[in-house]
Every structure is written in C-alpha cells, then in structure tokens.
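Protein chains: 2
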Amino acid sequence: MKKKTIGILGGMGPLATMDLYKKIILSTEADCDNAHIRVYIDGNSAIPDRTAAILSGGEDPVPEMLSALRNLEKCGADCVVMPCNTAHHFLPRLQAETELPILDMTAITAAVCAKRYPGRRACLLGTKGTIAAQIYDDALKAAGVDFLVPNEAEQTELMRLIYDVVKASRPLEPETESWHALLSELFGRGADYFILACTELPILADHLGHPGPFVDPTLELAKAAIRFCGYRVKEK
Amino acid sequence: MKKKTIGILGGMGPLATMDLYKKIILSTEADCDNAHIRVYIDGNSAIPDRTAAILSGGEDPVPEMLSALRNLEKCGADCVVMPCNTAHHFLPRLQAETELPILDMTAITAAVCAKRYPGRRACLLGTKGTIAAQIYDDALKAAGVDFLVPNEAEQTELMRLIYDVVKASRPLEPETESWHALLSELFGRGADYFILACTELPILADHLGHPGPFVDPTLELAKAAIRFCGYRVKEK
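Those sequence lines, one after another, are chains A and B. Heads up: the first sequence begins at 847 in our numbering, then just goes up one per residue. Heads up: the second sequence begins at 847 in our numbering, then just goes up one per residue.
In short, the hints are calculated from the structure, not lab data. Honestly, I wouldn't trust all of these hints.
Since the list gives no way to pick out one identical chain from another, each pair is judged satisfied if it fits inside one copy or across any two copies.
[What the hints assert, rightly or not] With a straight-line Cα cutoff of 20 Å, these simulated DMTMM-like cross-link-like pairs (lysine to aspartate or glutamate) come out:
{"hint": "1", "residue 1": "LYS961", "residue 2": "GLU1019"}
{"hint": "2", "residue 1": "LYS848", "residue 2": "GLU875"}
{"hint": "3", "residue 1": "LYS849", "residue 2": "GLU910"}
{"hint": "4", "residue 1": "LYS850", "residue 2": "ASP1010"}
{"hint": "5", "residue 1": "LYS868", "residue 2": "ASP1010"}
{"hint": "6", "residue 1": "LYS868", "residue 2": "GLU910"}
{"hint": "7", "residue 1": "LYS868", "residue 2": "GLU1000"}
Same shape as in the complex, but just chain A:
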C-alpha cells in the first residue's frame, strides 16, 4: 500500500507552521528517519492577514492560499492541513477548489474537548478574526461543548501577545507574567480549561510554564493527520 503524505498549507505564520511540523514529527511512532511521514510544506509568507480580511476589509487571502494549495497538489499530498485557526474561515472556499481532503482543525478540536472535559466550560482563545467570525462556534456547539470568550480588554491583550510578540519574533519569556495574569482572570470568569485556538498560542504556552489545562488544536491536528496517513500516534 502506498504510504500517505501530508501537505501543510503554511506561512500563517511561519513559526506556527514550524510548530505543526514539529508536532507531527514528535507525535509519530517512529524510530528512524524512514519511519516518518513524508510532509510537503508551502510556507507562503505572502498570504494576507486573515483577521484583517475578516474584520476590516483587508485583502482576500484565498488567492495566495490557493497558490500554496496548488503546490501541495503538484507535490502529491494526500491531505491538507492549515496551521492557522483564523484561516479556517476560508476552508469551504478552498475545499470547493480541490479534491484533496482539508482536515478541519475546529471539528477535530471540538471532539477532543467533548471527550476530555465532559460538562466543563472551555475558554476559547483566538484572534479577533476567529472570535468575530465564530470559526469554532458551530463545531463546539455540535460537540456539546460549553464555552466563553475573552472580554474586550482581555482580547486586546491576547492580540498583543499574538501579533506583537510571537508573530514579531520577540522574546517570549518577558511575557510570562502577563500571560499568567490573563489566564487567571479568565479562570475567575468561569473557564475550566483553555482552547489555544490561535496557532501562535501553543508556542507561547510551551515556553511560559502555565499548567493550563490547555487543549492545543495544533497538536490535535497533527495527531489527526498522522492517523489519516495510517501511521501510529506516539503516546507520551
């Protein structure tokens, strides 16, 4: 049987793309180079900002996303994954253009939440674009997951961490206190756990030592892609 391969429609942002690739590698049951999955990546840094397109009439990102999708098709990918939650707003338009299955990070994540934390309340942490376009809402409701979102001040602080720190390649450690303070506030407002629904956030969370609990959509997408390809997920 031909082994299946993964295409990463990336660049949104580059570090998040790297993070997904790393999570695919580290979550694959493999003991040598050749036991890993073949992965194609187009880290297309020319894709316009997704939140700006959704909220403020910014340039449509779909043409540049399609340019990357076509490259993944040419390489021979068997499925497509997008390490950008906000980009999932455009998934239906992309899926209409390709026969390759695009794995849906929101549905995958919602199923994990429902199974891991039944009856608990999630806090959805994402960009303004992800929250405003309600990218996770249908998936969470369909899975029966109760959730809250940050208020305006909390959301502004979250956008600062995503855009001015991680996407700007600034040092993460100086943000330890502000990250912990933000999560404490959300615990106080009724959150039981956090969905890191922006691919920059697991990068922050991995470095700043807060115990969560977190659901990491990047990691869950990695595991789903590994299973799609017929490989075994390595249990920690």
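On the provided structure of chain A, position chain B as indicated by the hints.
Leaving out everything else, chain B in the frame of chain A:
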C-alpha cells in the same frame, strides 16, 4: 523585484529539517508574517540513509533526493538547501540535474570558521559517513582551517547520540553527561571549538547546555539562504 524563495530538500532527518526552517524564521529580520521568506519544504522521509550508502553499499539516496528536488522546482524555489551534512556527498550529482543553485553548507561553514576562529583548531563532529567521505575536508583545507576528527570510540558514541537518540526521537536530557564527557575528551585532545557537522547535533547542543564554542552549520546555512534571497539577517 520578485522576492526570492527557499526550497528545503529535507527529511534527512525530519527534526533537522524542522530545525533549519526554524533557524531561517528566527534569523530573518521580520516583524510580521508577510515580512518572512516563502519557504517550500519536501520532508521526504523515503530518502535512504546517506551514511549507509557511503560506507556499506546501502541503497543510493539520489533518486529520492531528486524526487524532492523536482517538487521544489515545481513549487518555484529560487535556491535549494539540504539540512543534512552527509547528503552533501551527493551534491555534485544533484547539482548536475538542476539549474537551481544548491547552497553548499560545507563551504559556508568553512568560511565562518576561518573568519571567527583564525589560527584555532576545529573538531569536526559528524556521522561516520561525513567523516569517511571527507565531506568537509576540501572546504576546510581551502579555507585554511586546521581540524581534528573523533577517534573510533568517540565516533561510536557520537553515532549513538545521532541515531539512537535524536533520530529515534528519544528524550535528550538523559544524555547531558555523555555529551559533556565527549566534548571534554576532545578538548583534551586539542580541539579549540566544535563544528556540529551533523544536523542532529545542533538539536542536541541546544538542549544540553554545553557552552561550546560551537559552529552550527544549520544556522550558517540558514543565514546564507536568507542573504541569497535578499532579506536581512537578524543579529541577536
């Protein structure tokens, strides 16, 4: 002017490929997603082991390397980089098959050594394949860099760290003592600094807190590729 792009001929191994991509991202002067370089990656896990091909009649890796190279051409890459030192043994055969420039990690590294450590003696740490095929020898000699290589016992220990730990995705931290002991021994035999001439070694070195000094060919290749594309290298 059209912005230039990088093609990574990867999968040798996957973590080393991820490491090069990360170093390209973190070494690019950029303050948002769109300021980064477009990077195409084929993490082709089907490429046969390079050291086995050089030393013990293992399968020729060039056909699978060419498969990845063709994908990078189809995507529109402007240059090719290979995050595998041992793979550079096959660079002339690959370069004969493509018009894309393949940046030579060995020459780039040798130039850095000569400039940063004039008159000092390097220790070349690589796979048995890299040492036996003398992949770095011409470049180091041409740059006037004096160097020594591990003895047989040291080389066996190095191969264990590369293959049984990093490539096998095993925990790195338990190897702290053995890594430090190996470097101490080489200091004792006259090394002034170390060339981490296997792409698994910077991953080990980044985690195990030895001060070196190290020259990291993966990082130097990342910087050279950034400059090739006309972007600015971020100085730490």
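Structure-based check of each hint:
1. LYS961 x GLU1019: neither (32 Å within a copy, 33 Å between copies)
2. LYS848 x GLU875: Within one copy, since 18 Å is at most 20 Å while 41 Å is not.
3. LYS849 x GLU910: Between copies only: 14 Å across, 28 Å inside.
4. LYS850 x ASP1010: neither (37 Å within a copy, 26 Å between copies)
5. LYS868 x ASP1010: between (23 Å within a copy, 19 Å between copies)
6. LYS868 x GLU910: Neither. Shortest intra-copy (24 Å) and inter-copy (22 Å) distances fail the 20 Å Cα cut-off.
7. LYS868 x GLU1000: neither (29 Å within a copy, 29 Å between copies)
Checked against the numbered hints listed earlier, the structure breaks hints 1, 4, 6, 7; every other hint is satisfied.
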